[in-house]
Amino acid sequence: MEIHRVPIESIHHRQDARPRSDGALAELGSSIDKIGLINPIRVRMVSDGYEVVAGSHRLQAIDSLGWREVPCIVTTDDDIAAELAMIDENLCRAELSPADRAKQTARRKAIYLELHPETAQHVAGGKARQETASDKLSFAAATAEVTGRDQRTVQRDAERGEKVIDEVLDMIRGTKLDTGTYLDKIKLLPPSEQVVAAKRDLVLPQPTGRSNFGRDVKVGGIAARFASADTSSPQPIPSKIFERFVSLADEIEALPIPELLHAAGRQRSVLGQRASGLADRMSEIMEALDQ
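All you need for the working numbering is the position in the sequence shown, starting with 1, plus 162.
Since the hints were derived computationally from the structure, they do not count as laboratory data. These figures come from a predicted structure and were not determined experimentally. Misleading hints may appear alongside valid ones.
The calculated label-pair distances, taken between Cβ atoms and stated as ranges, are [claimed, not checked]:
| id | residue 1 | residue 2 | range |
| --- | --- | --- | --- |
| 1 | 350 | 427 | 41 to 49 Å |
| 2 | 355 | 424 | 48 to 56 Å |
| 3 | 314 | 335 | 19 to 27 Å |
| 4 | 416 | 164 | 21 to 29 Å |
| 5 | 367 | 415 | 27 to 35 Å |
| 6 | 407 | 227 | 14 to 22 Å |
| 7 | 367 | 435 | 34 to 42 Å |
| 8 | 443 | 198 | 29 to 37 Å |
| 9 | 163 | 436 | 21 to 29 Å |
| 10 | 166 | 365 | 23 to 31 Å |
We put the CB at the ideal spot given by N, CA and C, even for glycine.
Required output: the full structure, derived from the provided sequences and hints.
Structure representation (structure tokens):
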């Protein structure tokens, strides 16, 4: 597709664009400054200029570098296609929290079923349903193909986003409650009780020595989080599997991200999928520690 250089002042962010931390934007800006913008921003024409379809965070990073023109791919996406493209880009990224991932996946499911109603279960009976459903992938299969996640994980995230109301997902985003374990608990409550429960749980003290994956990362990263255990009594000698985990975590944390992205080259999607898988695994470990 043809790449256009668009004045940055004529490009606008979508109102529903996902916010990102200043630290993450600074890191992204540093990467773009060193190796350039590998993937152009995807935009569409609107009445007052251009609207970002995919690449909102890259645009913010570019703006911080002082670029006045932005390499863009101009599309003719309608509102639904533009929102779907934005969601897919978000879901392919590893840094989404459980609450973010649940909300985005549930919204993707709603859009997908609107575009492909024939893929919904029980929309038709017998032979008719088999014939139409075979023409298109199911929501879970299609989303798994796009994001690199397995179908069971996609279905789990969609269920969390469907059963936990948006007000609660927004309330707990980035807090100690932003874990898969908590979402699985609160989704069992009626919507009318979820807000009260979340407000109550937010003010309860967090258990000593426990933390949530991806929140308020301190110096030392993954390995350091395991060093916060109670030291009032002698600790057992770590098993070999624990020593291996700490060693691998230290190696991953030591990798310079800009160089890693540059080395990935055209295999950035593979890198994203593997990083996403690691993020899921780390989240499972932290949720197990919180139990």
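Each hint tested on the structure:
Restraint check, residue 350 to residue 427: a C-beta distance of roughly 45 Å satisfies the suggested window 41 to 49 Å. Distance hint for residue 355 and residue 424: a CB-CB separation of about 50 Å, consistent with the stated range 48 to 56 Å. For residue 314 and residue 335, the hinted distance range of 19 to 27 Å is satisfied, since their beta carbons lie about 24 Å from each other. Checked against the given bound of 21 to 29 Å, the beta carbons of residue 416 and residue 164, roughly 40 Å apart, lie outside it.
A hinted range of 27 to 35 Å for the beta carbons of residue 367 and residue 415 is consistent with their spacing of about 29 Å. The hinted window of 14 to 22 Å between residue 407 and residue 227 is violated, with their beta carbons roughly 37 Å apart. For the hinted restraint 34 to 42 Å between residue 367 and residue 435, the CB-CB distance of approximately 37 Å keeps it satisfied. Here the CB-CB span from residue 443 to residue 198 is close to 31 Å, well matched to the stated 29 to 37 Å.
Checking the proposed 21 to 29 Å range against residue 163 and residue 436 shows it holds: the Cβ atoms sit about 27 Å from each other. Evaluation of the 23 to 31 Å hint for residue 166 and residue 365 yields a failure: the beta carbon distance comes to about 50 Å.
Comparing the model with each earlier hint shows violations of hints 4, 6, 10; every other hint is respected.
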